[in-house]
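Chains A and B are the protein sequences, given in the same order. Using this note's numbering, read the first sequence as starting at -13 and increasing by one per residue. Using this note's numbering, read the second sequence as starting at -13 and increasing by one per residue.
For the record, the hints were derived by calculation from the structure and aren't laboratory data. A portion of the hints provided could be inaccurate.
Since the list gives no way to pick out one identical chain from another, each pair is judged satisfied if it fits inside one copy or across any two copies.
[Stated by the list, open to error] Subject to a maximum C-alpha distance of 20 Å in a straight line, what follows is the list of computed SDA-like cross-link-like pairs (lysine to any residue):
no. : residue 1 : residue 2
1   : K41       : S1
2   : K151      : T105
3   : K41       : I2
4   : K41       : R6
5   : K115      : D128
6   : K309      : H292
Given the structure is predicted, the values throughout are model-derived calculations rather than measurements.
2 protein chains.
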Amino acid sequence: MALIVQKYGGTSVGSIDRIRNVAARMKQTRDEGNQVIGVVSAMSGVTDGLIGMAKELDENPSERELDVLLATGEQQTIALVAMALLAQGVDAASITGRQAGIFTTGSHTRGRISNMDPTLMKRFIDEGKTLVVAGFQGITVDGMVHTLGRGGSDLTAIAVAAALKADVCQILTDVDGVYTCDPRVVKNARKLPEISYDEMLEMASSGSKVMQSRSVEFAKKFGVVFEVRSSLNDNPGTLVLEEHPNMENVVIRGISIERSQARVTISGIPDLPGMSGKILGVLADAEINLDMIVSNTSNDDNLSRHSFTMHSTDLGKAQAALKPLLAELTPNAQIQTEAGIAKLSAVGIGMRSHSGVAATMFKALGDKGINIGMISTSEIKIAVTVDEVHIEDAARAVHDAFGLDKAPV
Amino acid sequence: MALIVQKYGGTSVGSIDRIRNVAARMKQTRDEGNQVIGVVSAMSGVTDGLIGMAKELDENPSERELDVLLATGEQQTIALVAMALLAQGVDAASITGRQAGIFTTGSHTRGRISNMDPTLMKRFIDEGKTLVVAGFQGITVDGMVHTLGRGGSDLTAIAVAAALKADVCQILTDVDGVYTCDPRVVKNARKLPEISYDEMLEMASSGSKVMQSRSVEFAKKFGVVFEVRSSLNDNPGTLVLEEHPNMENVVIRGISIERSQARVTISGIPDLPGMSGKILGVLADAEINLDMIVSNTSNDDNLSRHSFTMHSTDLGKAQAALKPLLAELTPNAQIQTEAGIAKLSAVGIGMRSHSGVAATMFKALGDKGINIGMISTSEIKIAVTVDEVHIEDAARAVHDAFGLDKAPV
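Only chain A is shown next, with the shape it has when bound in the complex:
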């Protein structure tokens, strides 16, 4: 008998009928001889409604109180799903984040899971109960309500699976799994049967927003095998797990693309210690998330040049933050900006043991006449920027060049 954790998002529980469907699916999994634990989000729309009321009272409501308010959304869902299970003859019980023993640290509205005490869940499972656990919420050691921020219910599911040593954690969502590339862009993209944690992390940070990175990191840390699969059908999805030797046979697992990027290039900066730190510091203070960071220095004039990419909506903020600093540092500094670019990343642990990967990728792009802007690499990723108008052609070219439409033998 396998222990399976199933996570259902807000759309999956967005109406009374859908809640009945979720209960039916949990019952089916149970009837197939498994123990099942559901982890559920707030019904879609509920969280936004609560935030709307809070903002009527205060444009920047207290984060402590926002947590108390928002945690009610998931608490309502667990009760309703448990009722639906009971109505279908399944002995069920709801479990709040607190009852699940999900202890958190960090700030309100973005708590981090620090510890799990699954005593009550274990007792209920031993009693034969099917549990419905509130996603997105936990408590601090002194009993304050915390929510876990974006992707918090995924994180809850992974943490519950870890604490109970579940056999698998199913993340049921509106996509079928993880694909070699976005199927809306690359028609012959293929659903991956499996992907390693590290590859999933690189895909996530490169724009394939199936899951937040921290949930994947948490799963990797505790060795939780999870599966991304559709909540709308019974097709197998994509297993995310620790890499095993066979996985290295595949050079590139997948390609992710990220649009609406912008680049800032600062040149004419004297190459002195601490310069990069100052520049990155003002951008961090302005709460701008940088993605690619490339720096180099010319031997001729000993001036350095720094390029960063960011989401294009942050471009104005970045310019405003940099101008006073550069005026202070040197009169010769220049800022150039470029919007309308996109990033393409090829990801695969096979890269470690295969040479010539970058060459294949750059040739594929060159053959299509697509110019490469910045380049950034990690051990298992090569990322490039291209003009946004070319990103779909670029993705198809690289997908073809690595033969990703065909299952590896």
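Place chain B on chain A using the hints.
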């Protein structure tokens, strides 16, 4: 500096504007030099909406899950009221039933408060915070969510006041206080400045539904002085407190009336031990709340006669429950029923030390030509039934007879 607990019901917090008003009132009380703790209900309509969803899933939803679901209503209100206080510059914090240390026993949906652990509330008060506590909810010793049933928020307010040794607990409601009689019936009814717990209990059980009896009993047990007053104005209300010697100078504190009553009379029952128990037993099994119970036996034929009053909606159920029992007991039993009656109760601790109270009351009714049906007395109450069409005349006559329109000297 007085510590004041203020309880606000669902209507008082029924919209964002009203929540702002509640916060303003709490702030005003604080600005007058007091410490304030709010105890709040779910926003009006929220609880019914949640019950509606539950009933869509299951006509008789699990009471455990209903508690988990309904407790979210108050949790939302505490966060919103705390946000409103913060927006008005008051350092505030919401407190769930669990955080307030309200421990309960008994069944789900009708928990009873068994213990209070106000550690967290005390810590927050010491930090200068104004607390907003969720009414209607508590937890069992093993951490399950409980709700307290009808009037549960009043009970929470009294319990919080008891645990924190508050100076007074204000029950803010849609009536101005406790009156000598319902002012819609007796135009010159007078608001009472004070009333004893025992009188309040007799008034409550006699139809003056300002508060549930158990909240008054809880206040009496722990010596919590509370005040019933309007949430719409600043007028003083009615203090409910332990009786003091001066109170006995008033013979009758107030008169309460209860309409839509019905009477069942069973006659021809052999006067044997256990007969009354059997009859009351079947009525209890049918979940019929009996009010007045009168029995007597004739020496002539040794047959006994039992009369009960109940709400008229229970009359059919009572007849159905009694018929098979009487057929089994004796072929001579007869059931008579009478609907369309009402009960009038005169309540006052002064009755203990004044004689002739019943005579005054019966004469007042007789002078108006109003016939008395059943009579039932306690140490501090005389209750009679009359035809429902006469109840208002009866109330006015008795109110006049005891001079209740005039404040005692």
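Hints, verified against the model:
1. K41 to S1: between (25 Å within a copy, 14 Å between copies)
2. K151 to T105: Answer is within: at 13 Å inside a copy they meet the 20 Å cutoff, but 36 Å across does not.
3. K41 to I2: between (27 Å within a copy, 10 Å between copies)
4. K41 to R6: between (32 Å within a copy, 13 Å between copies)
5. K115 to D128: Close across copies (17 Å), not inside one copy (29 Å); limit 20 Å.
6. K309 to H292: within (14 Å within a copy, 95 Å between copies)
The structure is consistent with each of the numbered hints, conforming to all of them.
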